[in-house]
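Protein chains in written order, with the working numbering: chain A, 1 to 407; chain B, 408 to 637.
These aren't lab readings, by the way, just hints derived from the structure by calculation.
Don't take every hint at face value.
[As the list claims (entries may be wrong)] Residues from chain B that face chain A, not an exhaustive set, calculated with beta carbons under 7 Å:
{"id": "1", "residue": "Val425"}
{"id": "2", "residue": "Ala482"}
{"id": "3", "residue": "Phe494"}
{"id": "4", "residue": "Ile502"}
{"id": "5", "residue": "Thr506"}
[To be verified] DEER-style ranges, computed between Cβ atoms:
{"id": "6", "chain 1": "A", "residue 1": "Ser366", "chain 2": "B", "residue 2": "His538", "range": "52 to 60 Å"}
{"id": "7", "chain 1": "A", "residue 1": "Asp3", "chain 2": "B", "residue 2": "Arg486", "range": "55 to 63 Å"}
{"id": "8", "chain 1": "A", "residue 1": "Leu389", "chain 2": "B", "residue 2": "Gly549", "range": "32 to 40 Å"}
{"id": "9", "chain 1": "B", "residue 1": "His538", "chain 2": "A", "residue 2": "Leu389", "range": "26 to 34 Å"}
{"id": "10", "chain 1": "A", "residue 1": "Asp401", "chain 2": "B", "residue 2": "Ala580", "range": "30 to 38 Å"}
{"id": "11", "chain 1": "A", "residue 1": "Ala370", "chain 2": "B", "residue 2": "Thr474", "range": "55 to 63 Å"}
Just so you know, even glycine gets a beta-carbon here, dropped at the ideal spot from N, CA and C.
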Amino acid sequence: MSDATVRLVLRTLRRNKGRSFVMALGFIVGVVSITLTEATGEAARTAVRQSFRAMIGDLDVLLVQPGGDAQRGRANLETSITTLTADDAAAIRQSVPNVADVGVAQVELGAVVEANGRNTTTPLFATSANYAVIRGDSMAQGAFFTDDDGRALARVAVIGSDVARELFPTGAVGQHLRMKAIDFTVVGVIAPNGAGPGGFSMDNIAYIPFETARRRVFNRDYLNIVNIKLANPSRWAQTAAAVHALVRQRHGTTGAALDDFRVTSPQAMIARMAGVDSTLRRMLVWIGGLALVIGGIVVAVLMLAAASARRIEIAVRRAVGATRADIRGQFWSEAALISAAAAVIGAAIANGVIAAGAFMMRAQLSMPWAATLGAVLVTIAIGTAAGYLPARRAASIAPADALRAAE
Amino acid sequence: MIALSEITKHYGGTDHPVTALASVSLAIGRGEFVAVVGPSGSGKSTLLQIIGCLDVPTSGTYVLDGTTVSEMDDATLSRIRNERIGFVFQSFNLIARTTVAENVETPMLYGDGRIDRARVEHVLERVRITHRARHFPHELSGGEQQRAAIARALVRSPSLLIADEPTGNLDSANGAQILSLLSELHRDGLTIVMVTHDAAVARRAERVIELADGRIAGTSAPAVLAGASR
Ligand SMILES: Nc1ncnc2c1ncn2[C@@H]1O[C@H](COP(=O)(O)OP(=O)(O)O)[C@@H](O)[C@H]1O
Ligand SMILES: [Mg+2]
């Protein structure tokens, strides 16, 4: 493609703006949609992982919760199913392979906390002392309570950073708060975790020792969560099966009888969500690809039409010295340049949309350069392929016949 | 300069062949101004396209300036057209959506690709169309379009100008202007082969070749032809 050809072709494209726009449109739409799909897909994956991390903490765990198929899966943290116990947790710890640690929790979702004449409502977790370690939480102030605190039925509490900010603006550790008509001493504040799925803050939370709650606060034995830390996270599926079999046996559930508990893996949940997400994304990428193909067809059709509409131009160029190869080069360059221009314009538009989206919605959007480059190259390849036949057609026009027809 | 010997041109397939030229032999010297006349369909345009290296004969030999062009490939013929031959057509055939100056530059694209602006300026002046350089063909009168087309034909300094009924689409005033321009160019040494219907136009030439049914029916000085038609 010589300089002169490029200048000539750019002039033609400029002087036929409507036609150039129609030729470029499919390519622009294709590149924009592929780029935006990739960008939002990446952002969505990151967001899902972040919200799960905020909710569950370390994701290399298994969760056992009361309520299973016998309850049609409709269990939540405030279930009244009383069959999951600390003994189940101990048995899992003892006999299931690949279990590194087991934490337990009783939960009340809306506990009122009072201090300094203020109050707030927060989920109250009564947990074993290892719970923060299993979650991977770190402390902003103080420390998590210990096994000794549990054994002593100590009235100590650890709170999330939202609760700390709300009730103790000047420092929480050593302060007192009141929950369920009992006074607790704050011994630690958890470092912020951010928002979980649904956007709720995971920093609005309070922890007290499980033993204390069992005897003095909730006065019940059954658990809401057993949190199992895996030694080898990649073997989560086998471990989940082993936990399932053990708890089923301990609950005396045999044969076709339905479970009264369920074992879930955050990794599996994320994979499931990412799976739904990626099916959608794959469809959008296909739509983008389809736009590129349609763009290619449009270019091929319009260039073929141009080859016959511009017969006189072609014949005159041949008369003043253009070779067949010159004509072929001109028409082929026209298809290649319009597709290259469209691809670059598409990438620029997508970049603008991504920058605007990242700015206005404070979303973690960034340009997926690899995907965009791929889309640009595919566009140029399609455009060039689309121009091949029209260029040959144009070059094969016999100048003598075309000029005679013009007389 | 031009030597055609037994040039035959058939059109169409073998089933319905049309013979446009039948064994035409003809010599045209450097600097000659030749008019080709004859009834419609007699083969005038075909003859000019072959002389202009736009088409190749079915048989016969064509020698231009000592080189046998009847057996050259596309690239060589294209270079010959680019460097040595200028074309002027009845319907002007300026490239649409392309200014007069850009039209005139076009042959330079297919030479060494360099645009010689001074040369473009020069030929535009020569045909007195400089004031229209930035205009598009559809903004020009017929006479102006034909002058622009002549500038385009001249820009590469050809030695041969092929003109197929150059005044056919013009009124008599504009036609006369084009004819005197061609006469001027001829005086400056250009070889011109021109097709015309018009005996008065043919009178401008030094020699008139009359075609009928693809054969040369007569060659004469224009005065003789003029006398015969009187
Ligand atoms: N491409 C073609 N296919 C078939 N016949 C053609 C073609 N071009 C010219 N002819 C025929 O060749 C003859 C000579 O045509 P042409 O050279 O255009 O004559 P003129 O210019 O004298 O009118 C005519 O009979 C015309 O119909
Ligand atoms: Mg003719």
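Okay, the hints, checked on the actual structure:
Given hint, valine 425 of chain B at the interface with chain A, is violated; its Cβ is 12 Å from that chain's nearest Cβ, farther than 7 Å. Proximity of alanine 482 of chain B to chain A holds as hinted, the smallest CB-CB distance being about 5 Å (cut-off 7 Å). Contact between phenylalanine 494 of chain B and chain A, as hinted, is supported at the beta carbon level, the nearest pair being about 5 Å apart and thus within 7 Å. Among the interface hints, the one on isoleucine 502 of chain B holds; its C-beta lies about 5 Å from the nearest C-beta in chain A, closer than the 7 Å criterion.
The beta carbon of threonine 506 of chain B is not positioned within 7 Å of any beta carbon in chain A (closest approach about 10 Å), and the interface hint is therefore violated. Checked against the given bound of 52 to 60 Å, the beta carbons of serine 366 of chain A and histidine 538 of chain B, roughly 56 Å apart, stay inside it. Remark: the range hint 55 to 63 Å for aspartate 3 of chain A to arginine 486 of chain B is contradicted by a beta-carbon distance near 20 Å. A hinted range of 32 to 40 Å for the beta carbons of leucine 389 of chain A and glycine 549 of chain B is consistent with their spacing of about 37 Å.
A C-beta distance of roughly 43 Å is found between histidine 538 of chain B and leucine 389 of chain A, which places it outside the suggested range of 26 to 34 Å. Taking 30 to 38 Å as the suggested C-beta distance range, the pair aspartate 401 of chain A and alanine 580 of chain B conforms, at roughly 33 Å. In this structure the hint that alanine 370 of chain A and threonine 474 of chain B lie 55 to 63 Å apart at CB holds, the actual value being about 57 Å.
In the structure shown, a violation is registered for the earlier hints numbered 1, 5, 7 and 9, in ascending order.
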